[in-house]
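Trainee: Chains A and B, in that order, are what the protein sequence lines are.
For the first sequence, position 60 matches number 60 in this note's numbering, and the numbering has no gaps at all.
For the second sequence, position 165 matches number 286 in this note's numbering, and the numbering has no gaps at all.
You may find that some hints are simply not true.
Said to hold, decoys possible - Beta-carbon label-pair distances, calculated as ranges:
(1) Gly-70/A <-> Asn-237/B: 38 to 46 Å
(2) Ala-131/B <-> Ser-4/A: 39 to 47 Å
(3) Gln-37/A <-> Arg-283/B: 38 to 46 Å
(4) Gly-27/A <-> Leu-194/B: 22 to 30 Å
Hints in this document: simulated from the structure, not taken from any laboratory.
The beta-carbon is built from N, C-alpha and C at its ideal position, and this holds for glycine as well.
Single-letter residue listing:
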Amino acid sequence: MKPSVAQLENLLALKRHEGPGEEYWQGFLSEFHQRQQEPAEVGSGLMNVFGQIGTWFADLGPSKWVYAAGLAYTTVTVAWILIPKDLMLEAAPLTPVNYKVVPAPAPKNEHPAPVDLSSST
Amino acid sequence: MRAREGDTSAFDALILKYGDKLYGLVYNMTSHKEDAHDLLQEIFVRAYQSLGSFRGNSTFYTWIYRIAVNQTLNFLKKRNRRTDLSLNDLDSSVQQDPALIDTTQEDDRERQTQLNELQTKLNEALMKLSHPHRMVVTMFDIQGMSHAEIAKVLKASEGTIRSRLHYAHLHLQSALQESWKERF
Chain A
1 MKPSVAQLEN LLALKRHEGP GEEYWQGFLS EFHQRQQEPA EVGSGLMNVF GQIGTWFADL
61 GPSKWVYAAG LAYTTVTVAW ILIPKDLMLE AAPLTPVNYK VVPAPAPKNE HPAPVDLSSS
121 T
Chain B
122 MRAREGDTSA FDALILKYGD KLYGLVYNMT SHKEDAHDLL QEIFVRAYQS LGSFRGNSTF
182 YTWIYRIAVN QTLNFLKKRN RRTDLSLNDL DSSVQQDPAL IDTTQEDDRE RQTQLNELQT
242 KLNEALMKLS HPHRMVVTMF DIQGMSHAEI AKVLKASEGT IRSRLHYAHL HLQSALQESW
302 KERF
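Next up, chain B with everything else stripped away, as it sits in the complex (with noise of 0.2 Å):
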């Protein structure tokens, strides 16, 4: 309501509470830290211009979030339609929290090793999905929203989403079938 208003710390205070969330949706989509980092200024200056439209018929949350949506997926239409940018060009590294690794011991070392490696071919197959089956994997199975949640935002039905996910999940797992081992 202060956002609205033109409070732009109330605003501030929305981008540090929703950030983390939004740039987890842009960096998953798009692979490359810089469009991602672009990306979501976009998204947060068409936020701030659009908050007269916001009637509270969703949460602010889900209304951000449609936004980061619609605006991410044209981003990589247009992305689609370069011809400079190659998939060596995408960020298929992995970035995990220092502190969920623990390489104490050698064993650890060498799991913690493979699954980075893991980790890395599953952001190369991810690429691979389209873009709506990796938005629906990447709202899903990263970001922990429930279907109806992912078919209020993409306003698509329940079993829309679901067959995207079964059709993303196999994908994927043909994917990684060289890389898995039985450890894991």
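Okay, chain A solo, but in the shape it has when bound (with noise of 0.2 Å):
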């Protein structure tokens, strides 16, 4: 038999009273402490405005992809409107549909030789 949602419950809510003691707490300190002290990680303040950029990011729910997607149309077109359009390559000049294909003239051929037709042997 399977337990109940209640009887889930309670065997869950049993798990409330799984954690360390108090010297864990005090050990824990002493290590945040140290850690507090450590030099921080090398690295410009551009690295760092790029570090919180990417936290910002990261701790947004699912309107993360609006945002997303919102950068990145918003990327193509000052693109598109940034780049010279003299830099745009030509298109090669298409043949219009009423070229006229005017055929190279046959080399000139040698009369070929008569053929003998009669039995000979």
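Put the two chains together into one complex, using the hints given.
Mentor: Encoded structure:
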């Protein structure tokens, strides 16, 4: 037989009492203070800004994809506006539909030798 | 406020105040003591460095809990990519408060043993849930948060939370079917 939902919830609630003792937290705080005193990661101010942006983005919920799509759209639009038009390659001229094909003159052929059809054996 | 102004002892007090709850979240999600310890250190370091961005739009507990949830999920994604970690490395044993265990009577000792086995099965079943489902079970059933609180932290609707819980409960009930005895 299966436990009911209420029985399952009671069983899970027992796990609420699982946890480390008070002495754990003293050691935890000591280690935390050591980590605080460690030198900050080497990096320029710009890297820190990127890091904070990354953190902000990761902390967004599902809406982060809306922000990402908007940013991509904005980037493409700005690039389209800023790229000088004369840098764009001109398309090769297309062959007009009514282009007349003039075949090259056929090479002159020498008159072939006459075929001897008589039986000669 | 004092913590935000650089008062480290004030932040220590916050660690002691919320540490147990966050430990419960992280340990029940990772089921690995060393990972839980390292991850909890990273969570508090991140929270300390980000204190300036806490604007008071939510309670401090909600804010730091959200950091803990995101860090834990990121950690689990990376851990899942590791090929050297197996289910055997995870801790499925029971860590109960000794004060709750009454072993004076033989029947109670036998019952306690069966309960411990059941808890072990439950831990194994929890680790087989997906991260989002394990997260809502941890927050609702183990930590006693309400649907509304969970929805706020996870930035999801209450309907989504209820749906995940329902699926997770069905899964756990099936996992415990063989071990469950009527006397429980």
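Trainee: Work down the list of hints and note, for each, if the structure agrees.
Mentor: Right, here's what the structure says about each hint:
1. Gly-70/A <-> Asn-237/B: 38 to 46 Å: violated, 53 Å
2. Ala-131/B <-> Ser-4/A: 39 to 47 Å: Since Ala-131/B and Ser-4/A have Cβ atoms about 45 Å apart, the given range 39 to 47 Å holds.
3. Gln-37/A <-> Arg-283/B: 38 to 46 Å: Given about 45 Å between the Cβ atoms, the range holds.
4. Gly-27/A <-> Leu-194/B: 22 to 30 Å: holds, 26 Å
Hint compliance for this structure: hint 1 is the single one not met.
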